[in-house]
Amino acid sequence: MSLTREIAFTLNGSLRNVTVPVTMTALAMLRDVLRLTGTKYGCGEGECGACTIIVDGRSVNACLMFAVDCDGRTVTTIEGVAADEASEPLRQAMVDNGAVQCGFCTPGMVMQSTWLLEQNPHASRDEIKRGLEGNLCRCTGYKKLIDAVAAVSGTNQ
Amino acid sequence: MSAIQRYLAPTTLEEALDALRESEATILAGGTDVMPQSQAGRLRLQPTLLNIRRIDELGGIALDGASIRIGALATISELLESELINERLPILAEAADHFASPQIRNAGTVGGNVCNASPAGDTLVPLIVLNAEVELASKRDGKVERRRMPLESFFAGPGRTHRAADELLTAIYVPAPAEGFVAHFAKFGTRPALDISAVSVGIGGVWRNGTFKNARVAFGAVAPTPVRGRATEGVLEGSALDAAAIGMAAAAARDEVRPISDVRASAWYRKEMIHSLTKKVLTNVADA
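Line by line, the protein sequences are chains V and H.
Take the first sequence: its letter number 93 is residue 93 in our numbering, and every next letter is one higher.
Take the second sequence: its letter number 194 is residue 194 in our numbering, and every next letter is one higher.
What the hints contain is simulated information worked out from the structure, not anything from laboratory work.
C-beta atoms are modelled at their ideal positions from N, C-alpha and C, and glycine is treated no differently.
Accuracy of the hints is not assured; some may be wrong.
To be verified - Among the chain V residues that face chain H by a calculated CB cut under 10 Å, a handful are:
#1 P21
#2 A26
#3 G49
#4 T52
#5 V55
#6 L64
#7 G108
#8 Q119
#9 H122
#10 L136
#11 C139
#12 Y142
#13 I146
As the list claims (entries may be wrong) - Which bits of chain V does chain H cover? Going by a derived footprint, with three or more residues having C-beta under 8 Å, they are:
#14 2-11
#15 39-46
The shape of chain V in the complex, shown without the other chains (with noise of 0.2 Å):
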C-alpha cells in the first residue's frame, strides 16, 4: 500500500477534505479522486499545458504538482472559471472567435488566458503569444485562440 494522507484545501470555493496517495499529481487528485474532469491530462510532463489550473493566483501545470502540495492552498480549476461570471468575457470570445477546434486543449488554454488576463488585462497580441507558449494546440487552431484572447484584452497590436 502506498502511503497516503489527508489533506485540505479550498477547491473552487469550496473546503474541500480528501485522502490521496503521497506521490498522486494534482491532476489525478482531481480528475480520479474528486471527479473533476474538466482539467485534462496531455502530456503528463508539463509540455502541453492541458492541466493547467491556478493555485494561490499562479497558473501551474496539475501533472507537474505533488496533490498533498495542494494542502491549505487555493485551488481554482477549469470547472471553477466555467461557475464564475467574471470569466463570461472570455468564454463569449472564445465562441465568437470559434478558438476550439478538438477542444481538448481548451480548458487548459481557458485557465491560462484567465491568469493572463489577471496579471495583464490589456496584453498585447505578442505578450498573449508569450503568455501562452506554455499550451500546445495539436490542431494549430493558436490564431483564433489568440484573436478571443486579444479581444478580450482589446488589444489591436
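Position chain H relative to chain V; hints supplied.
Below, chain H alone, put in the same frame as chain V:
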C-alpha cells in the same frame, strides 16, 4: 515509488534539517523536476518525501549587506518580476524570461534548478557569471550550521552536487556587481519556449571607457556540468569589444568547449552554436 515511508511538510528550517539527519530524503519544492522524473522512473524517491515549500525563511529575494540573497524557494517568476533582480542582476531576469513556460516558471524554484544540477539548467550559467555562492545548512551536534561555496564548484556531474545528504540548500548569494558591470545571456533550442537548451552562453564584466575587465564567461550544456570559459575570459580581458576582439573571443569559446552529441544536438553543431551565441552575447554587452 511505494518505498516512501513518510511525508513531511515542515514549517521551520530546523524541522527540515532534523528530517534530513534522520533518514534519506527526497527534497520537494516546486515539483517540476521531481514529479516528472520520479514518474518516468529516472529518480527513485527516498523513504522520506520532504516538502520544504512551507518554510518561510527559504523564500524571498532581498538585499543582504553587499549581496543579493535569493531564497531557495524563490520561483523563476519571482526572479522575473523582482525589481531588485531587474535593476541589479538583469542577466538573471533575461534567463528567467526564457525559462520553460509561464506555468513552470510559476512553480519551479531557483534552489530546485540549482540542485537539479542539469548541465542545461537555465539559471546556472548567469549565476556562475555573477559569481554566486550557495548556502547549505545542516544540523550537526544539535545546532544549525551553515556553509557557503561558490556555485561553480557545487556541481559534481549531471544531476549531482556536493550537497551532503543531511544538508539543505537555503539560499543563493550574489555579490552586488561592481559599477559598470554588464552581463548578458543567450540560449539556443529548437523553439523559444519549453525547450531544454542545446547550448547556452553567459558573459559579464566591467565595461567602461572602451575596455572590458574582470570578464566572466560560462557555458551551459557543453559538459557534464555548467562550466566557466576561462580561455575565452583570457581573450576578453582588457579587450575593446570591437569586431575583431569579439571574433577572437567567439573562436576561443568554440575551441575550448567539449560538448557531446545527443538527442538535442551534435557536438559539432553545439560548438558552432557556442561560436554564434558568444558573438551575439558579446555584441549585446558591447552595446550597453
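Status of the hints after comparison with the structure:
no. : hint  : in the structure
1   : P21   : holds, 9 Å
2   : A26   : holds, 9 Å
3   : G49   : holds, 6 Å
4   : T52   : holds, 6 Å
5   : V55   : holds, 8 Å
6   : L64   : holds, 5 Å
7   : G108  : holds, 9 Å
8   : Q119  : holds, 9 Å
9   : H122  : violated, 17 Å
10  : L136  : holds, 9 Å
11  : C139  : violated, 18 Å
12  : Y142  : violated, 12 Å
13  : I146  : violated, 14 Å
14  : 2-11  : holds (count 3)
15  : 39-46 : holds (count 3)
Hints 9, 11, 12, 13 from the list above are not met by this structure, while the remaining hints are.
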